[in-house]
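Student: Each chain is listed here by its residues.
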Amino acid sequence: MRISDLIISNNYLGNTNKIKDRISILNRQIISGNKIEKPSDSPVGTSRLFRISDQMGQVETYQKNIKNSLSFLDETVFAMESIQSEVMNLVGKLTEIQNPINQGNLDVYADMIDNSIKIMLDTANAKSDGKYVFGGTDYSNKPYGISLDNQSYQANTDTSGRINVKFSQSVVQSTNMPGVELFGTIVSSKGFFNTADTIGTITNTTSTIYDNLGNEYQLQTNYQKTAANTYQMTYDIVDGSGTTVFAAPPAAKTLAFNSLNGNLVSVDGSTSGLTFEVNVPANRIQFTMSLKSLSENNSATSISLSANQPTDIFNTLKQISNDLRNGIIPNDAQIAAVENFNSRITAKQSEVGNIINQISTLQSMLEQQNFNLQELAQNENGVDIARAVVDLQNQDFLLQVSQKIGAMILPKSLLDYL
Amino acid sequence: MALTKIFDISSRSLAVYRRALEVTSHNIVNSANPNYSRQRIMFSTETSNLTAGLVWGNGVKISDVMRVRDRLVDTHIIGTNQKYSDSNRQSQLVGDVEKIFSEPSDLGISNLMTTFFNSFNELAVTPNSVPLRTNVLNASNNLSAKVTSVNQSLNTLKGDIKQEFQQKVNSVNSILDQIHQINYEQFSNAYNGTPVNDLLDKRDALVDELSNLVNINVVYDNTNSAVISIGGALAVDRMHSSQFVAEEVNGKLNLKIKDGSYPIVLTGGELNALSQVYSKKIPAYQQKLDAVINKLIEAVNGEHVNGFTISDPQETGLNFFEGYVNGKLLINQELVDDPNKIAISQDGTEGNGEIALRIAQLTDAKLLNGNTLQESYSSMINGLGNDGMLQNNYTQANQMVLDELAQLRASQSGVSVDEEMTNVLKFQRTYEASAKLITVADEILQTILNMV
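In the order they appear, the protein sequences are chains U and S. Note that my numbering has the first sequence beginning at 1, numbered continuously upward. Note that my numbering has the second sequence beginning at 1, numbered continuously upward.
Hints are not guaranteed to be accurate.
[Claimed, not checked] With a straight-line cut-off of 25 Å between C-alpha atoms, the simulated DSS-like cross-links for lysine-lysine are:
id : chain 1 : residue 1 : chain 2 : residue 2
1  : S       : Lys61     : S       : Lys426
2  : S       : Lys328    : S       : Lys252
3  : S       : Lys146    : S       : Lys426
4  : S       : Lys146    : U       : Lys20
5  : S       : Lys162    : S       : Lys288
6  : S       : Lys99     : S       : Lys256
7  : S       : Lys341    : S       : Lys146
8  : S       : Lys61     : U       : Lys142
9  : S       : Lys158    : U       : Lys127
10 : U       : Lys348    : U       : Lys412
11 : U       : Lys412    : S       : Lys162
12 : S       : Lys202    : S       : Lys295
13 : U       : Lys64     : S       : Lys328
14 : S       : Lys162    : S       : Lys256
15 : S       : Lys158    : S       : Lys61
16 : S       : Lys256    : S       : Lys288
17 : S       : Lys146    : S       : Lys256
18 : U       : Lys18     : U       : Lys292
19 : S       : Lys61     : S       : Lys99
20 : S       : Lys162    : U       : Lys18
21 : S       : Lys146    : S       : Lys162
22 : S       : Lys436    : S       : Lys426
23 : S       : Lys162    : U       : Lys35
24 : S       : Lys426    : U       : Lys35
Think of the hints as simulated: they come from the structure by calculation, not from any bench. The structure displayed is predicted, hence computed values, not measured ones.
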């Protein structure tokens, strides 16, 4: 091949350009620490980085959620321990009262109980991070208070709401203890409807409930099948003489069941609110009606009602205090109610403890996951600095050699020797 | 043979080698000119005389000064130029698009979309927290600003491409005019016997330049005029040159002959790159981005509209995003003015964050053709990256071929100073010898004259 001067200079320029190009890439990689600076550097790697970065962002958010929720749950546990400590103290006092020696100072005991109610009420209204610890999701008012005539305690707001938080791809966990489950009255409708029942079939149930002063009422529920997997529920509360407490009948509720698994899926179209509040202030009747335990199956229809009213701790204690001031010592049912509440708060503490354990475990898993993701991202996009520096030195050496050789060869021609 | 014949042969030789030295010096001074083709002197003997039954030589003459050029290499270079400049320009433009999306980075849409959904996830923990609500608005504003900026930058880039296309078409017209002029001049000069080699070099350089701009086909007629067609349409010959214009029809950049009806089929050169990126690639990226953003708006608003605000008075039925208008992702101004109007409560209580949770879960929902929004966006960026990589690879491959061809051309047409200097010495010595011959002839003549 004939070698012209243009070939030599083109070769020199082309080769030094290639070296400089490699030096430039290595330089950029070392400075930024990233192998992939634009999608065309590695389209597949970019997609992987997106996925890893998305997961890392989610994991960081889950970690923040856990941190915030743990702080709120710690506050919940602390409040429950305070209440339990007060209740334990009261159980002791109630036992003391049973001793005739102490029955001469019933007013003092009544004062102690009133004082404990105040402390417990204050704790029941505790706030953490701007949220009422036992207030459910309704923060419009303090969750618990005393009625205008000072005769009974009542929930000022709906305390049944749950704060659901996402802690991982598949874990959504409630992080609060709804006050209604601790202090309130829940009337549960339980059992199942037979899917074979004909449309129009009516099922009735009745249960005894009490107002805040301990007066007895009858809760009557009525379920009528209106279509396949659909029922209409009506209810009424009547006093001892059979008179309804409602000025107008409450609106009927529409219950829809899943045709495949038989679970209740919605009440009046709402999939999350499978409970509703019943509040009759004039009669001091207040409770949460829960329909969560209703289902449909092939067995004969069997529906029942159950209420946890005896553990309405504030009004039970108020009743005991009132009785003591009237010289009446607490009866066994009242003492049992206080002990019941003690058991319930212990059970609920364990429930909250379980949640804390669960999300603490998740926290460890997320830390590990975050570590793994960082490693994956590093593998995908990280620069091996040591290798890059060695490569850079090598390229720099090649450039110097090529420049030296170029400087020796390029200017030379026959002209130099003539 | 007459004694004076030596004078004739020698003086002719002096003229020939002086001319040869001129050509060599022309070669030497153009050794660094990349468009120059070395010229070679074709020596031959003068027609001999037949006298007294003997053949008497008449010395040397220059039969031609030849331009060393290989048409086959030229044709290959023209073809490769079109491919190289097409892929190189496309690679640069796709690189510009990559810069606009600024992926993968914290400031890319992917990360901002993740942050947007995560902000709702965090808000679900404390739904009544104003700082967390403001955090949601900040994340939304960042996403909105990036989406808007990407669209604006893509439109600006399209505007620049359109302008460049127009300028390149003007360049094509200018080059065609010049080639037409040279075609004419080289024909008339050749007819008059004037050297045309340098003119042909100039024309070949213009043809090379044209092949960088657009796909051309070049043939040479019997008068050595270049006949060039662009996409099948005659662009220039010795008699005339066409004028081309740029036009945009239905968002597509076309090249057509002035007053012509049909667009030219572009297959190579920078004009094809500009047209491809303007008419196909950028609209395709925008379309995919629009699909992701529209689905994001639809899905987020679909949840948000069912939520309740915690403002006073409480409201429901509010959209989170106002819409996606002219590439601008707009957030509902009511929410921006009052973060409490972010409607994430399902039952109206301020501690309920079910809607926020559902919005956060949209990140895992298969909303677009069986893919999540992130996957769809990622697929788009993957396509963009592949386009860029493909064009880079094409460019490198074509560059290698082009380098080889350029070396081949330089090997044949390039000047070697060593070679030329050797010729200088050779011609100089011959010139000196010819001069010496005149001296010798003179001495012979002097000797004869002295005899008289």
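Student: Look at each hint and say if it fits the structure.
Tutor: Cross-check of the supplied hints:
Straight-line distance between C-alpha atoms of S:Lys61 and S:Lys426 comes to about 16 Å, which keeps the hinted pair within the 25 Å bound. At roughly 23 Å between alpha-carbon atoms, S:Lys328 and S:Lys252 fall within 25 Å of each other, so this suggested pair holds. Restraint check for S:Lys146 and S:Lys426: not satisfied, since their Cα atoms lie roughly 72 Å apart, outside the 25 Å limit. Restraint check for S:Lys146 and U:Lys20: not satisfied, since their Cα atoms lie roughly 34 Å apart, outside the 25 Å limit.
As the CA atoms of S:Lys162 and S:Lys288 are separated by approximately 22 Å, the hinted pair is consistent with the 25 Å bound. Annotation: proposed proximity of S:Lys99 to S:Lys256 is violated, straight-line Cα distance about 32 Å (limit 25 Å). With a C-alpha separation of about 24 Å, the suggested pairing of S:Lys341 with S:Lys146 holds against the 25 Å cut-off. Taken as a hint, the S:Lys61 and U:Lys142 pair is broken in the structure, with Cα atoms around 119 Å apart against an allowance of 25 Å.
Simply put, S:Lys158 and U:Lys127 have alpha-carbon atoms about 57 Å apart, too far for the 25 Å limit, and the pair is violated. Our distance criterion of 25 Å between C-alpha atoms is broken by U:Lys348 and U:Lys412, whose separation comes to about 94 Å. Proposed proximity of U:Lys412 and S:Lys162 is contradicted: the alpha carbons are some 48 Å apart, above 25 Å. At most 25 Å may separate the alpha-carbon atoms for a hinted pair to count; S:Lys202 and S:Lys295 exceed this at roughly 57 Å.
Pair hint U:Lys64 plus S:Lys328 does not hold up; C-alpha atoms about 31 Å apart against a cutoff of 25 Å. For the hint pairing S:Lys162 with S:Lys256, the CA-to-CA distance comes to about 15 Å; that is within 25 Å, so the pair holds. A threshold of 25 Å between alpha carbons decides the hint, and for S:Lys158 with S:Lys61 the separation of about 62 Å lies outside it, so the pair is violated. Distance hint between S:Lys256 and S:Lys288 is unfulfilled; the C-alpha atoms sit about 30 Å from each other, more than 25 Å.
Note on S:Lys146 and S:Lys256: the hinted pairing is violated, with a Cα-Cα distance of about 37 Å set against a maximum of 25 Å. A distance of roughly 72 Å separates the Cα atoms of U:Lys18 and U:Lys292; the hinted pair therefore is violated under the 25 Å criterion. For the hint linking S:Lys61 to S:Lys99, the alpha-carbon distance of about 64 Å lies beyond 25 Å, and the restraint is violated. Annotation: proposed proximity of S:Lys162 to U:Lys18 is violated, straight-line Cα distance about 32 Å (limit 25 Å).
Distance restraint check for S:Lys146 and S:Lys162: the Cα-Cα separation of roughly 24 Å lies within the 25 Å cut-off, and the hinted pair is therefore satisfied. Proposed proximity of S:Lys436 and S:Lys426 is supported: the alpha carbons are some 15 Å apart, at most 25 Å. Note on S:Lys162 and U:Lys35: the hinted pairing is violated, with a Cα-Cα distance of about 33 Å set against a maximum of 25 Å. Straight-line distance between C-alpha atoms of S:Lys426 and U:Lys35 comes to about 59 Å, which puts the hinted pair past the 25 Å bound.
In terms of the numbered hints stated before, the structure departs from hints 3, 4, 6, 8, 9, 10, 11, 12, 13, 15, 16, 17, 18, 19, 20, 23 and 24, listed from lowest to highest.
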